[in-house]
Amino acid sequence: MTNKVLMLITFVLICGFIIIIELLMPKLTRKELFFGIRIPEKEINHPTLRQIYKKYVLLTLSLSIPITAILILIIYLTNSVALFSLGLIATIFIQYIFYYLSHKKVKMLKLSEHWNEQNEEVVIIDTGYTGSKRSKLIASQWWFLVSLLIIAFNIFIILANYDALPNRIPIHWGIDGTPDQWIDKTFSSIFYMPILQLFLVGILFFAYKSIAWAKQQISATNPEESLEKSRIFRLRWSRFIVGVLLILQIMFTYLNLTSFGLIDSNSVIMSVLPFVITITIILTVIVLALRTGQGGSRLKIKFRSSMEKSFDRDDDKNWKLGLFYFNPDDPSIFIEKRFGIGFTINFGNFTALLILLVLIIAIGLMALLPKVLS
Amino acid sequence: MFIKIDFQSETPIYLQLRNQIIEGIAKGHFKPNDSLPSVRQLASDIGINLHTINKAYNLLKSENYIAIDRRKGATVLPLMDEPDMAFVDDLKKTLNTLIASSICKGISKDDFLTICSKIYDNFREEM
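From first to last, the protein sequence lines are chains V and S.
Heads up, the first sequence is in this note's numbering, so the first residue is 1 and it goes up one at a time.
Heads up, the second sequence is in this note's numbering, so the first residue is 1001 and it goes up one at a time.
Take the hints with a grain of salt, since some may be wrong.
As the list claims (entries may be wrong) - Here are the computed lysine-lysine pairs in the BS3-like style, where the Cα-Cα straight-line distance is at most 27 angstroms:
1. V:Lys133 with S:Lys1072
2. S:Lys1055 with S:Lys1105
3. V:Lys133 with S:Lys1031
4. V:Lys4 with V:Lys133
5. S:Lys1061 with S:Lys1027
6. S:Lys1092 with V:Lys133
7. V:Lys136 with S:Lys1031
8. V:Lys54 with V:Lys31
9. S:Lys1027 with V:Lys133
10. V:Lys320 with V:Lys136
11. V:Lys309 with S:Lys1072
12. S:Lys1055 with V:Lys133
Stated by the list, open to error - A few chain V residues facing chain S, derived, Cβ under 7 angstroms:
13. Glu120
14. Glu121
15. Val122
16. Val123
17. Ile124
18. Asp126
19. Thr127
20. Thr130
21. Gly131
22. Lys136
23. Lys215
24. Asp329
25. Asp330
26. Ile360
No lab work stands behind these hints: they were computed from the structure.
From a predicted model like this one, the values you see are computed outputs, not experimental measurements.
For each residue, glycine too, the CB sits at the ideal point set by N, CA and C.
Chain V extracted, bound-state conformation:
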């Protein structure tokens, strides 16, 4: 019973988080990109745009709450973990539909107001901010070495205590902090945790690198200002990734030592620790997103530009369904999301699709890991 209640509370919390972030998202994205449509800088405060946002908020609130309630009821009645995940996917998809409706409205407005008919379409880049130089402007990659050292420490502990390890090793704990999944001790299965830790380093290193690799996006209205904002945006999120990785490595080390019986298992810590860490990470994400905004759009930095104002290139047509960047002519692999915080891939680029495939396979393999090792 308590498990069921906890599952429902978790569901409500995650749904609430998704809905609140989506409600705020139009205020977090770059100001010249309203619901994924490029708007001339001087039209940002157009009354119709405000109306579209108001209607978006009303629609989202009035429909999301009953839908979430229905999902909760279904999960409560069926008590199925599969429906839990499906419910979350449904929530995300429904939020996307609300976004898409507003996206369409802004698109229509842009056409009727002739905002797409500018006599220049400019892309500005800074030659001092190209890929290899951006790598030096984010958190140092030596932090990943620290994570690798922590993993090496774990492996060393395992090998040094091999004979003393229990025959059944817990690899998963329930919400109440007691183990609910075990694997038998074999020479390969004891490396379950270190492999998981290595995988985590790989995924987060990749996310970290994509921050540096993602293409420049400099506003033609004020290049200096948007460049500085972009730099801070990338620096903060790279630090966030490095920080999250270190915290998770320490948590994994603790789990490791506990599951091997090397330190006494404490069910209170075991149930509270992951919860506290998850909440901390989510709160940090919210604070970072609110204070920084996409591409640094919420940073209060003012630069007077030395260049004359220009109009940004209209790149709406490269964004399919207002969501997927598809531009085969662009060799970029990573690009800032239009409606969201962080980065997405160029679906028109072969390498990018290959990377996506490898990521999906890797995540699938990780889910199968306990079976592979035992």
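Go by the hints and put chain S onto chain V.
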């Protein structure tokens, strides 16, 4: 240095790029032996085909502004001490039309020379 590409301009993108890199060299934003951004990085940031950047770089190379090395990529060549005669001929041809247009549009010789010298000084003062 900022590079500004206008996709609606009559001037092709590779020429816009070439012109601005030459201006960057003249202003001293790119110093002799500096590396230019790699073709891939520039193409990715601007969001255009690699060929366009290659075209601009190859033109710059054939005009002796940059050298292209297989390993080091594109590097800026030192400014010349003495002008080469072929360039002087080109310059005269280009100026011919410009001066003719200026005469038609009522720009006096003094005005023309003042404009020229201002632009020239503008490049040199930042060195």
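Hint by hint, here is what the structure shows:
1. A C-alpha spacing of about 15 angstroms is found between lysine 133 (chain V) and lysine 1072 (chain S), which places the hinted pair at or below 27 angstroms, so the restraint holds.
2. Between lysine 1055 (chain S) and lysine 1105 (chain S) the alpha-carbon distance is near 35 angstroms, which puts this suggested pair outside the 27 angstroms criterion.
3. Our distance criterion of 27 angstroms between C-alpha atoms is met by lysine 133 (chain V) and lysine 1031 (chain S), whose separation comes to about 17 angstroms.
4. Restraint check: the Cα-Cα separation between lysine 4 (chain V) and lysine 133 (chain V) comes to about 50 angstroms, which exceeds 27 angstroms; the hinted pair is violated.
5. At most 27 angstroms may separate the alpha-carbon atoms for a hinted pair to count; lysine 1061 (chain S) and lysine 1027 (chain S) meet this at roughly 19 angstroms.
6. A C-alpha spacing of about 40 angstroms is found between lysine 1092 (chain S) and lysine 133 (chain V), which places the hinted pair above 27 angstroms, so the restraint is violated.
7. For the given pair, lysine 136 (chain V) sits about 21 angstroms from lysine 1031 (chain S) by alpha-carbon distance, which is consistent with the 27 angstroms threshold.
8. Proposed proximity of lysine 54 (chain V) and lysine 31 (chain V) is supported: the alpha carbons are some 16 angstroms apart, at most 27 angstroms.
9. Pair hint lysine 1027 (chain S) plus lysine 133 (chain V) holds up; C-alpha atoms about 21 angstroms apart against a cutoff of 27 angstroms.
10. Note on lysine 320 (chain V) and lysine 136 (chain V): the hinted pairing is violated, with a Cα-Cα distance of about 32 angstroms set against a maximum of 27 angstroms.
11. Between lysine 309 (chain V) and lysine 1072 (chain S) the alpha-carbon distance is near 35 angstroms, which puts this suggested pair outside the 27 angstroms criterion.
12. For the suggested pair lysine 1055 (chain S) and lysine 133 (chain V), the alpha carbons sit about 24 angstroms apart, so the restraint of at most 27 angstroms is met.
13. Of the supplied interface hints, the one on glutamate 120 (chain V) holds, with its beta-carbon coming within about 5 angstroms of a beta-carbon of chain S, less than 7 angstroms.
14. A least Cβ separation of about 4 angstroms between glutamate 121 (chain V) and chain S falls short of the 7 angstroms threshold, and the interface hint therefore holds.
15. Satisfaction of the interface hint for valine 122 (chain V) is found here, the shortest Cβ-Cβ separation to chain S being roughly 5 angstroms, below the 7 angstroms cut-off.
16. Taking 7 angstroms as the C-beta contact cut-off toward chain S, the hint placing valine 123 (chain V) at the interface holds, the least distance being around 5 angstroms.
17. Checking isoleucine 124 (chain V) against chain S by beta carbon gives a least distance of about 5 angstroms; that is within 7 angstroms, so the hint holds.
18. Evaluation of the aspartate 126 (chain V) hint against chain S yields a held restraint, the C-beta minimum of about 6 angstroms falling below 7 angstroms.
19. Satisfaction of the interface hint for threonine 127 (chain V) is found here, the shortest Cβ-Cβ separation to chain S being roughly 5 angstroms, below the 7 angstroms cut-off.
20. Given hint, threonine 130 (chain V) at the interface with chain S, holds; its Cβ is 4 angstroms from that chain's nearest Cβ, closer than 7 angstroms.
21. Interface restraint check: glycine 131 (chain V) against chain S, minimum CB-CB distance 4 angstroms, threshold 7 angstroms, status holds.
22. Hint status for lysine 136 (chain V): violated, given a least beta-carbon distance of 14 angstroms to chain S, over 7 angstroms.
23. Among the interface hints, the one on lysine 215 (chain V) holds; its C-beta lies about 5 angstroms from the nearest C-beta in chain S, closer than the 7 angstroms criterion.
24. Checking aspartate 329 (chain V) against chain S: minimum C-beta separation of about 5 angstroms stays under 7 angstroms; hint holds.
25. Below 7 angstroms, beta-carbon pairs count as interface contacts, and aspartate 330 (chain V) has one with chain S at about 4 angstroms; its hint therefore holds.
26. Annotation: isoleucine 360 (chain V) was flagged as interfacial toward chain S, and the flag is violated, the nearest CB pair being 24 angstroms apart, outside 7 angstroms.
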